[in-house]
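S.K.: So the chains spell out like this:
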Amino acid sequence: MKKVGVFVCHCGTNISQTVHCEKLAEAAKTLPGVAFSTEYKYMCSDPGQTMIKEAIAEHGLDRVVVAACSPRMHETTFRKCIDSGGLNPYMLEIANIREQCSWVHSDKDKATAKAGDLVNMAVAKVLKNEQLPSSFIPVHKRALVIGGGIAGIQAALDIADTGYHVDLVEREPSIGGKMAQIDKTFPTMDCSACILTPKMVDASQHPNITIIPYSEVEKVDGYVGNFDVTIRRKASYVDSVKCTGCGLCSEKCPSKKIPSEFECNLGTRPAIYSPFPQAIPNKPVIDRENCRYFKTGKCKICARVCTADAVNFEDQDEMVQIRYGAIVVATGYTLYDHSQYGEYGYGHYKDVISGLEFERLVNASGPTMGKIKRPSDNTEPKNVVFIKCVGSRDKARGHDYCSRACCMYTAKHATMVRDKIKDSQAIIFYMDIRTPGKNYEEFYLRGVEEYGVTYVRGRVSRIYEEGEGENRKLIVQGEDTLLGKQVFVDADMVVLATAMEPQPDAAGFARKIGISYDQNNFFSEAHPKLRPVETLSAGIYLAGACQGPKDIPDTVAQAGAAAAKVVALLSKDEMETEPIVAKVDTDRCSGCGFCIPICPYKAISFTDLTERVHGSVAWGPTGKEVKRQVANVNNGLCQGCGACTVNCRAGALDLLGFTNEQILAEVDSLW
Amino acid sequence: MKYAYYPGCSLSGTGLEYNISTQAVAPLLGIELCELPDWSCCGASSAHLQDHTLALALPARNAALGEEQGLSLAIPCAACLSRSKAAEHAVKTSEDMRAQIESLIDRPYQATYPVKSILEIFIDAGLDTLKENIIKPLTGLKVASYYGCLQARPTDFMDVDDPENPQTIDTIVAALGAEPVSWSHKTECCGNSHPIAYPEVGGPLVNRILEQAEKSGADCIVCACPMCLGNLDMRQKALGKKRGRPFNLPVFYFTQLMGLALNLRPKKLGLKKHFISPIPLLSKKDLLKRIKIKKVKNKPADTPVPASESTETPTPNPDNKKGGPA
Chain A
1 MKKVGVFVCH CGTNISQTVH CEKLAEAAKT LPGVAFSTEY KYMCSDPGQT
51 MIKEAIAEHG LDRVVVAACS PRMHETTFRK CIDSGGLNPY MLEIANIREQ
101 CSWVHSDKDK ATAKAGDLVN MAVAKVLKNE QLPSSFIPVH KRALVIGGGI
151 AGIQAALDIA DTGYHVDLVE REPSIGGKMA QIDKTFPTMD CSACILTPKM
201 VDASQHPNIT IIPYSEVEKV DGYVGNFDVT IRRKASYVDS VKCTGCGLCS
251 EKCPSKKIPS EFECNLGTRP AIYSPFPQAI PNKPVIDREN CRYFKTGKCK
301 ICARVCTADA VNFEDQDEMV QIRYGAIVVA TGYTLYDHSQ YGEYGYGHYK
351 DVISGLEFER LVNASGPTMG KIKRPSDNTE PKNVVFIKCV GSRDKARGHD
401 YCSRACCMYT AKHATMVRDK IKDSQAIIFY MDIRTPGKNY EEFYLRGVEE
451 YGVTYVRGRV SRIYEEGEGE NRKLIVQGED TLLGKQVFVD ADMVVLATAM
501 EPQPDAAGFA RKIGISYDQN NFFSEAHPKL RPVETLSAGI YLAGACQGPK
551 DIPDTVAQAG AAAAKVVALL SKDEMETEPI VAKVDTDRCS GCGFCIPICP
601 YKAISFTDLT ERVHGSVAWG PTGKEVKRQV ANVNNGLCQG CGACTVNCRA
651 GALDLLGFTN EQILAEVDSL W
Chain B
1001 MKYAYYPGCS LSGTGLEYNI STQAVAPLLG IELCELPDWS CCGASSAHLQ
1051 DHTLALALPA RNAALGEEQG LSLAIPCAAC LSRSKAAEHA VKTSEDMRAQ
1101 IESLIDRPYQ ATYPVKSILE IFIDAGLDTL KENIIKPLTG LKVASYYGCL
1151 QARPTDFMDV DDPENPQTID TIVAALGAEP VSWSHKTECC GNSHPIAYPE
1201 VGGPLVNRIL EQAEKSGADC IVCACPMCLG NLDMRQKALG KKRGRPFNLP
1251 VFYFTQLMGL ALNLRPKKLG LKKHFISPIP LLSKKDLLKR IKIKKVKNKP
1301 ADTPVPASES TETPTPNPDN KKGGPA
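Here the protein sequences come in this chain order: A and B. The end of the first sequence is residue 671 by the numbering used here, with every number in the run present. The end of the second sequence is residue 1326 by the numbering used here, with every number in the run present.
Just so you know, the hints here were simulated from the structure itself, not pulled from any lab data. Every residue, glycine too, gets a C-beta built ideally from N, C-alpha and C.
A few chain B residues facing chain A, derived, Cβ under 7 Å:
no.	residue
1	E1164
2	N1165
3	S1184
Residues from chain A shown here face chain B by an in silico Cβ test under 8 Å; the list is partial:
no.	residue
4	G342
5	E343
6	Y346
7	Y464
8	E466
Please model the entire structure based on the sequences and the hints provided.
M.R.: This is how it looks when you write it as structure tokens:
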């Protein structure tokens, strides 16, 4: 005799204010198969879980229905609960009476009726549940970190320190990311290079870290514990083993006037280059687009001066496939392109620059050796205007979201202007000042009080140029909402705090490796509060600004968290898999193969089946065994999406835990 | 192309020269403008401060009259245009609003024929057609194209190439052989009616535009709105006095410059109706040359339009001559 226990949760008042929980629990008692029913304020809490376990023991329950929040929230919690209560964890059904009922309805009686239906369905389904055994898969003890910015470096170091091997893939010639371009860091004003470059060195010298520079992840196959990753090593035309990093090739390269990406195009680099002097690895690459040899077929000066014979013009992209147990995605961000702002000159005004460009201008190793000079004529600007929220919090042109770091770095920039140019003026146009971090508010106030940075509350409606040569200035026209007046500010240079946004190829990359992304193309975490570094794809974790705008402290913290998750996974020799997978009824399978292309995880393939009659092998008229092809599901790869089951013409495929019989029982229970 | 011409109130008053120059130029480019019979006020800047639905119904009535004839409205005035496009947008996006408007104007209105500005119509007619008809290129004339607010905004329903840096007038100016200057205040507000009601608010707005046009090195300003022209032209004297240095920036309607390049007589273009006379500038740039001003002066009344007309007008002979204002 099947015995179902029904447990109705109030979720504080989340559910109980729109659903009569007591009535619901009472009504559930009358349902067929239900042996026990009760309600409680917080079913997920310790007393709530104890209540379930005690009821299982006391009433001899063999299956459980919990009417509470979405299964995405607490299904795992309750599975563990009944597991420790002595039941198979899959003898559980969740009736979602919060997200799908109480939160979206207001009429209490109607909502209670609907919650009743949902419980009905769950009871009908749970009566058909079977015990599902977990299987185990081996875990390959090697981790991949994609992206060599501060997030990737930190995650790699943290994983490597626990003894597991890590590969750090970076698409640029050097690791370091955006942080390597930054001059100083708020709120302590440490020099960015001084805190980043030692970490870069640590990563390069760590016995458990292999840096794979100038490479991109092409493909991710496999599944948690066993990802088969294809990495494209881009042709660098320099043999990194032979190269000693002497730099003579860069020095002698005749094509020197190429805008440097690292310098935000404010400086130049040669065609054979290493992005910056502290690059790691400090091995140059040839920029094929701009190389004289590749353009004209003549030159090869770099090859001639190279004492190590490391230049190889025949170099080609190379694909390598490596198996990993876990992946950390730390692909970072890019900056909003302010040329979309027509009123700020569409990017045509040379002296209207982005925050990152300003970082290069104040950076001691930057194109101006740390002297703030405006790009148009290399003179020292006296009046510098900063505009915040360019592309952030702007539904019309940019993004809805706040980029989080801009208030602080703008405060830093303005302070630096006042510090470096004594007779200067720094004026910041702002919408709000957001300083939610340790010592952040104090940092901003120091800028105002000690350095005399001026804050004007209002948006800038237009920037236009006036005058020529030395007298050229920018007029910043905006509103001072505290005065209720339009203001016009003469500026020598304007710095825009442009929004942080995902890498341009973020969405494509997410699809390639099989993780989800949000409406802004930032990668989605599994749960915004409780699983902030996991993705919904098991074994793939997130670190840094690829998940959402973040400053350096938050990025480092998240990278550490992702590393902890990776280590937890790699520390197991084998891991339990979800038994909710597709199953083939070989008696029914006609071998049509329609399920094979439909499977997004490539988990289904053909297998030969030898026919048996009454338990013994069937022999055909020609004296051979009778064989036929049937579908076979690889449980390690199957993610239980169910796409194959609806496509099966013979009805031979069923998803365990969601069998056709179970779903029909749910539907039938409504009538 | 045939259009139902909707001059609106301004074009029989302050914007008279816009009216006559538009009507003089259009036929030369194969555009037929038939004045919409029984047209009524668009509501301009007053109606939408009072009643939203009424403010949409007023221009909708005119567009509906055009629709009855199977014609798009051709609108020179930017305010009329803005209101008419707002009505068109409302009818297209809300069935409910369409029903309300139809009951107010007592006739159906489906917005099947798009409301167009004269500027759009000239652009649609093709810059090549315009270039072919140019007899006297406006070489050496530096022009600041001024669009004001209503030609470029709101982007929801104004079909504009770029709300921050529109180019339509500039392309016409360039086609005429003049030099459009790049400047910053193309779409800044001229103050609308504020220079009249609140000179302390409106004055500085006009002043800013004039100063920027001056700094850009332009000889003159060209616009497509009677209100803008009124403000920029009429206020120069007072504002010049206030700043202690006179302004001397003639302000044209773009149709006047077109007429000039198409070799029409200044009088036909209303060139003498400006507060800041463009005649000295045009003489200096040698752009009045082919026009026999003396001959015109000799005749006291210009109504008969004798044979001299046909000799002066360039190649395509206009078949309808709706010379003067309504």
